[in-house]
Amino acid sequence: TQLLEQSPQFLSIQEGENLTVYCNSSSVFSSLQWYRQEPGEGPVLLVTVVTGGEVKKLKRLTFQFGDARKDSSLHITAAQPGDTGLYLCAGAPFGNEKLTFGTGTRLTIIP
Amino acid sequence: GAGVSQSPSNKVTEKGKDVELRCDPISGHTALYWYRQSLGQGLEFLIYFQGNSAPDKSGLPSDRFSAERTGGSVSTLTIQRTQQEDSAVYLCASSLAAGYNSPLHFGNGTRLTVT
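Chains as they are written, first to last, in our numbering: chain A, 9 to 119; chain B, 59 to 173.
Bound-form chain A, shown alone (with noise of 0.2 Å):
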């Protein structure tokens, strides 16, 4: 049973425009995390969303982690092309220390 399913799976669109990606689970969660990798690398750290209704903005990134704790949410303003990667929400459930990865975003930015 995969406890985090993040859609799309795939996206691909042009430089300039607008996408978001989602992270949904049945489970609560007492954080989420987001991590995006690059191909012949492992997954890079972006952000620790810790609060139901945590919203968190990293230059063109805002991530928003949902009230009831069980989905979060990736909106890109102005994709580029060095925004291209798979894109990956972890998520620890209350009194586990293991992170759980969801399914992965593949997100391609066309120049």
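Just so you know, these hints were derived from the structure itself, not from any lab. As the structure is a computational prediction, the values presented were derived from the model and not from experiment. Careful: at least some of the hints might be erroneous.
[As the list claims (entries may be wrong)] Below, computed lysine to aspartate or glutamate pairings styled on EDC-like, alpha-carbon distance capped at 20 Å: (1) K115/B <-> E102/B; (2) K73/B <-> D114/B; (3) K106/A <-> E102/B; (4) K65/A <-> D79/A; (5) K69/B <-> E49/A; (6) K106/A <-> E126/B; (7) K106/A <-> D114/B.
Dock chain B against the given chain A, drawing on the hints supplied.
Showing chain B alone in chain A's frame:
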């Protein structure tokens, strides 16, 4: 180096052979994790260590898989009698402490191909 180091970066082995994958975590990081990733998809949890102890081995796919960590530092993941379905990228990560608020720092992985 300052990051997590994994070796070898690539390993090709014949079905039935044993392989050992090594992970050198960031100095001072007490928690160490092993994940498996197939074809650029999501990460599958295998095992994590807090110090030299493995509180959670629930992700190991079968008894052919084992891992150890010595001196609170280097970890080795061993796969015995490899099968073709073991082919994947094996990722190691370390963090300051186990727990949901400690970000994971990943190595670049070992790409294992079983022929």
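Each hint tested on the structure:
1. K115/B <-> E102/B: holds (12 Å)
2. K73/B <-> D114/B: violated (28 Å)
3. K106/A <-> E102/B: holds (11 Å)
4. K65/A <-> D79/A: holds (17 Å)
5. K69/B <-> E49/A: holds (16 Å)
6. K106/A <-> E126/B: holds (17 Å)
7. K106/A <-> D114/B: It holds: about 8 Å lies between the C-alpha atoms, which stays within 20 Å.
Hint check: a violation occurs at hint 2 only; the rest are consistent with the structure.
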